[in-house]
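Novice: Just so you know, the sequences run in chain order A and B.
Per our numbering, numbering of the first sequence is gapless, rising by one per residue and ending at 117.
Per our numbering, numbering of the second sequence is gapless, rising by one per residue and ending at 242.
Bear in mind the hints are in silico, worked out from the structure with no lab data behind them.
Beta carbons: idealized from backbone N, C-alpha and C, even for Gly.
The reader is advised that the hints may include incorrect statements.
Partial chain A-side listing against chain B, Cβ under 7 Å, derived [said to hold, decoys possible]:
#1 Gly43
#2 Ala54
#3 Phe108
#4 Gly111
With the C-beta cut set under 8 Å, the calculated list includes, among others, these residues of chain A facing chain B [claimed, not checked]:
#5 Pro9
#6 Gln42
#7 Phe46
#8 Tyr49
#9 Glu57
#10 Gly86
#11 Leu92
#12 Glu104
#13 Thr105
#14 Gln106
#15 Tyr107
#16 Gly109
With a straight-line cut-off of 30 Å between C-alpha atoms, the simulated BS3-like cross-links for lysine-lysine are [to be verified]:
#17 Lys202/B x Lys188/B
#18 Lys72/A x Lys12/A
#19 Lys188/B x Lys201/B
#20 Lys241/B x Lys158/B
#21 Lys188/B x Lys58/A
#22 Lys58/A x Lys241/B
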Amino acid sequence: DTGVSQDPRHKITKRGQNVTFRCDPISEHNRLYWYRQTLGQGPEFLTYFQNEAQLEKSRLLSDRFSAERPKGSFSTLEIQRTEQGDSAMYLCASSPPSLGYPETQYFGPGTRLLVL
Amino acid sequence: SQQGEEDPQALSIQEGENATMNCSYKTSINNLQWYRQNSGRGLVHLILIRSNEREKHSGRLRVTLDTSKKSSSLLITASRAADTASYFCAPFNAGNMLTFGGGTRLMVKP
Numbered sequence: 002d003t004g005v006s007q008d009p010r011h012k013i014t015k016r017g018q019n020v021t022f023r024c025d026p027i028s029e030h031n032r033l034y035w036y037r038q039t040l041g042q043g044p045e046f047l048t049y050f051q052n053e054a055q056l057e058k059s060r061l062l063s064d065r066f067s068a069e070r071p072k073g074s075f076s077t078l079e080i081q082r083t084e085q086g087d088s089a090m091y092l093c094a095s096s097p098p099s100l101g102y103p104e105t106q107y108f109g110p111g112t113r114l115l116v117l
Numbered sequence: 133s134q135q136g137e138e139d140p141q142a143l144s145i146q147e148g149e150n151a152t153m154n155c156s157y158k159t160s161i162n163n164l165q166w167y168r169q170n171s172g173r174g175l176v177h178l179i180l181i182r183s184n185e186r187e188k189h190s191g192r193l194r195v196t197l198d199t200s201k202k203s204s205s206l207l208i209t210a211s212r213a214a215d216t217a218s219y220f221c222a223p224f225n226a227g228n229m230l231t232f233g234g235g236t237r238l239m240v241k242p
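Excised from the complex, chain A in its bound form:
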């Protein structure tokens, strides 16, 4: 399967614990995005990488959230000191290089987080 993959698919943690999610984009896609989706809502943009550069991070929900893409391939999203309100689906997407604006985004299956 050459689609976007995310790991783990499900995560249950206790409040106050740190969690880290991984996203592997489609090979040769240089742009990578993280979104959060709560029940009944559309995805909410969090952050965006072009290669290893994080070009937009002002939408990260708080300073407890951070993301990295150290070699311009896979990315990790970390949430420190989790709170019950962090319970949501975390989606990753990637898009290929383009001369103009990035267009179609290809989404992974998501990581569903439950904070107890």
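Following the hints, position chain B against chain A.
Specialist: For chain B alone, coordinates are given in the frame of chain A:
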């Protein structure tokens, strides 16, 4: 915010009928995209329409865009039970981000 807002929030139709979903947004866009999400799954890109296009077709899908009214519509013809899903519009601008609304939850009854 240029977040897309879909209407209606929920739609229930019989198999074979057409389904129309509408989207409104607030600021200028480069393009507008529609995505589908089956329950608990990731999103699947359906169709992209650029700001200089007015209508686009893909199989049973027809998308229109009216930039003067800042609105778009998605028509699914001859619906099937497998079309049951949530549908999201996502305006895209030079900020390099998609902004999704709450979606339209479509139920197609066999």
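Novice: For each hint, tell me whether it holds in the structure or not.
Specialist: Structure-based check of all given hints:
1. Gly43: This hint holds: glycine 43/A lies near chain B, its Cβ roughly 3 Å from the closest one there, short of 7 Å.
2. Ala54: violated (12 Å)
3. Phe108: holds (4 Å)
4. Gly111: holds (5 Å)
5. Pro9: violated (14 Å)
6. Gln42: With a minimum Cβ separation of about 6 Å from chain B (threshold 8 Å), the hint on glutamine 42/A holds.
7. Phe46: holds (5 Å)
8. Tyr49: Cβ of tyrosine 49/A sits 6 Å from chain B, so the hint holds.
9. Glu57: holds (7 Å)
10. Gly86: violated (18 Å)
11. Leu92: holds (6 Å)
12. Glu104: holds (6 Å)
13. Thr105: holds (5 Å)
14. Gln106: holds (6 Å)
15. Tyr107: Interface hint status for tyrosine 107/A: holds (7 Å vs cutoff 8 Å).
16. Gly109: holds (5 Å)
17. Lys202/B x Lys188/B: holds (16 Å)
18. Lys72/A x Lys12/A: holds (25 Å)
19. Lys188/B x Lys201/B: Roughly 17 Å separates the two Cα atoms, so the pair holds.
20. Lys241/B x Lys158/B: violated (33 Å)
21. Lys188/B x Lys58/A: Violated. Lysine 188/B to lysine 58/A sits at ~33 Å, over the 30 Å cutoff.
22. Lys58/A x Lys241/B: Between lysine 58/A and lysine 241/B the Cα gap is close to 42 Å, so the pair fails against 30 Å, i.e. violated.
Violated hints, in rising order: 2, 5, 10, 20, 21, 22; the structure is consistent with all others.
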